[in-house]
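Colleague: The listed protein sequences correspond, in order, to chains A and B. Residue numbers for the first sequence, in the numbering used here: 1 to 66. Residue numbers for the second sequence, in the numbering used here: 1 to 141.
Take the hints with a grain of salt, since some may be wrong.
Between beta-carbon pairs, the in silico distance windows are [to be verified]:
#	chain 1	residue 1	chain 2	residue 2	range
1	B	Trp-79	A	Leu-32	34 to 42 angstroms
2	B	Ala-126	A	Glu-50	28 to 36 angstroms
3	B	Gly-132	A	Gln-41	15 to 23 angstroms
4	B	Asp-45	A	Arg-62	27 to 35 angstroms
5	A	Pro-13	B	Val-92	32 to 40 angstroms
6	A	Thr-31	B	Gly-127	31 to 39 angstroms
7	A	Glu-50	B	Met-60	49 to 57 angstroms
8	B	Ala-126	A	Met-1	20 to 28 angstroms
9	A	Gly-34	B	Arg-118	15 to 23 angstroms
10	B	Ala-126	A	Gly-17	38 to 46 angstroms
11	B	Trp-79	A	Asp-64	40 to 48 angstroms
12	A	Gly-17	B	Gly-127	40 to 48 angstroms
13	B	Gly-132	A	Lys-30	37 to 45 angstroms
14	B	Asp-19	A	Gly-49	22 to 30 angstroms
Calculated directly from the structure, the hints in this document are not laboratory data. Cβ coordinates follow ideal geometry from the N, Cα and C atoms, glycine included.
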Amino acid sequence: MVHGEQSFTYDRPIVAGDELTATLTVTSVKTLGGNAMVTAQSTMNDAEGEHVVTATSTLVVRGDDA
Amino acid sequence: MTAAPATALEVGTVVAERDVHITRDSLVRYAGASGDFNPIHYRDDVAASVGLPGVLAHGMLTMGIAVQPVAEWLGDSGWVAGYGVRFTRPVVVDPEQGATVGIVAKVATVDEDGRPKRIDLTVTAAGQTVLGKAQVTVVFR
C-alpha cells in the first residue's frame, strides 16, 4: 500500500488547548489497473462542534498481480 | 526569502527556496513521531523485497518538509489554510549519503489586493520532481 495523495483544508489554525474530534469516512473506492484507490476523509471539529480541518488521503492498495 | 509577505507580489515570484538534507535518522524519528513503522522506511531488505529502489522517506515527511519554508516566510503575517500534494515519485534515502529535498515556492495566484493566495511548490530529489500538484493556500491576517 502506498500513499498517493494527501490534502488538508483548514477553517482556522489549530491552537494549543484545542480538543478535536476526528470522524473518518471512506469516500471512494476505485479500481485502476489492478490497484484499488481508496480515498478517506477525516473531518476534525473542535469542542464546540465547529469545523477546524478536513484531511483527505488517497491510498493505493496494490493488487495481487500488480 | 522575500520579506514582508503581506505586500502585493507578481505571479511567479519565488518566495522561498531551500535544500533540506535528510538521513536514515530522520526517517526513524519520523516513524516514531507519526506511528508509521512500515519497514520500507528503515530496512533495505524489506524495501528490496517489495521491489523498491531503496529505503524511502515517508510521503508525509517530505510533504511536511516541503511546506516549512512557506510557513516560515508567512511568519506571523498569515497562515496556511490549505495544502495538498500528490506523491508522484519516492524519495530514496541512501544509508550513507541520505537524500536532499529541494524546495522552490512560487506565487501561483494572487487576491484582489495582489497578495499571494496560492503558492505552488516544486519539490525535487536526485534531480527529479517528487511531489505533484503541491499547492499551498495562504491567508493573511
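Colleague: When the hints from earlier in the document are held up against this structure, which numbers fail?
Modeller: Hints 2, 4, 7, 9, 13, 14 not satisfied by this model.
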